[in-house]
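Student: End of the sequence shown sits at 237 in the working numbering; the numbers just go up one at a time, nothing left out.
If you are wondering where the hints come from, they were derived from the structure by calculation, not from laboratory data. Check the hints yourself; a few may be wrong.
Calculated pairs, EDC-like style, for lysine to aspartate or glutamate (alpha carbon to alpha carbon, straight line, at most 20 Å) [what the hints assert, rightly or not]:
| id | residue 1 | residue 2 |
| --- | --- | --- |
| 1 | K197 | D73 |
| 2 | K70 | E220 |
| 3 | K197 | D105 |
| 4 | K70 | D25 |
| 5 | K233 | E163 |
| 6 | K(-11) | E21 |
| 7 | K70 | D(-10) |
| 8 | K70 | D13 |
| 9 | K70 | D105 |
| 10 | K(-11) | D13 |
| 11 | K(-11) | D25 |
| 12 | K233 | D26 |
Treat the numbers as computed from the prediction; the structure is a model and nothing was measured.
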Amino acid sequence: MTVRLAADKDTGVAVVTLDRPTRLNAIDLPTVDELTALWRELRFDDTVRAIVLTGAGGRAFSTGLDRDTVVPQPDSPYMQDDPLLTVGPKANDLFKPVVAAVEGMACGGAFYLLGECEFVIAGADAEFFDPHTTYGMVSAYESVLLAQRMPYGEVARMMLMGTAERISARRAYEIGLVSEVTEPGGASAAATACAAVIAGYPPTGVQGTVRALWAAKEAARAAGYAQAPHLISLGNLPTEHQTELFATRSTAKPRIR
-19 MTVRLAADKD TGVAVVTLDR PTRLNAIDLP TVDELTALWR ELRFDDTVRA
31 IVLTGAGGRA FSTGLDRDTV VPQPDSPYMQ DDPLLTVGPK ANDLFKPVVA
81 AVEGMACGGA FYLLGECEFV IAGADAEFFD PHTTYGMVSA YESVLLAQRM
131 PYGEVARMML MGTAERISAR RAYEIGLVSE VTEPGGASAA ATACAAVIAG
181 YPPTGVQGTV RALWAAKEAA RAAGYAQAPH LISLGNLPTE HQTELFATRS
231 TAKPRIR
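Generate coordinates for the entire structure from the input sequences, incorporating the hints supplied.
Tutor: Structure below.
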């Protein structure tokens, strides 16, 4: 198992942990299947009224899709398979509140998950970045999700600067991606405390509020997602060229802002 679930029936809070610390909690296809099944299972568990999502090990929340994952693709630019499209709670019709707790790195495909959480709490050592453009890929779905959480210029800078720059937890708080910054290692406890408060309220009102908030973003997200497969098909370099760029990536330390 690559995902852990711990539920406290007294508080109504479940903690979902990405548990591949040796791979920086990168998401492979079994992890996608486990997360998809877990979100759908939690829809039916009335003892769980709020959820915390975090990553094991402290070095990373998640670094997105595992680079060793092979995703078979149809031989057509009109049919793109993206396994991460089904990885988040909202993609699985779960409208119980989800609070993300981020320690260490969160990058690339991690934003599929963070973009579907209600809010994000980060430890002071958290760093956010998107490597797509550095390696010849279009950041499409991630950009759509983050454009609904951050000012346009900040999203554009993150996506276009690639691996050259990372956003610190403090800067992420200033631009609205993160709602609270804790001491290093404190994000999960802070997120759990918030989730426990929310879980103590009548669930129908809470879930209706989550659904209303998501509805406010849903039309723009759907329009952006409709364009994403074509942009990826047109803009991505061939896989072997991406691999070459990754293999020759710079060892220079990225700027933290």
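Student: Hint by hint, say whether it matches the structure.
Tutor: Checked hints:
no.: 1; hint: K197 with D73; in the structure: holds (15 Å)
no.: 2; hint: K70 with E220; in the structure: violated (33 Å)
no.: 3; hint: K197 with D105; in the structure: violated (29 Å)
no.: 4; hint: K70 with D25; in the structure: holds (16 Å)
no.: 5; hint: K233 with E163; in the structure: violated (23 Å)
no.: 6; hint: K(-11) with E21; in the structure: holds (15 Å)
no.: 7; hint: K70 with D(-10); in the structure: violated (25 Å)
no.: 8; hint: K70 with D13; in the structure: holds (15 Å)
no.: 9; hint: K70 with D105; in the structure: violated (28 Å)
no.: 10; hint: K(-11) with D13; in the structure: violated (25 Å)
no.: 11; hint: K(-11) with D25; in the structure: holds (10 Å)
no.: 12; hint: K233 with D26; in the structure: violated (46 Å)
Of the hints listed earlier, those the structure fails to meet are numbers 2, 3, 5, 7, 9, 10, 12, in rising order.
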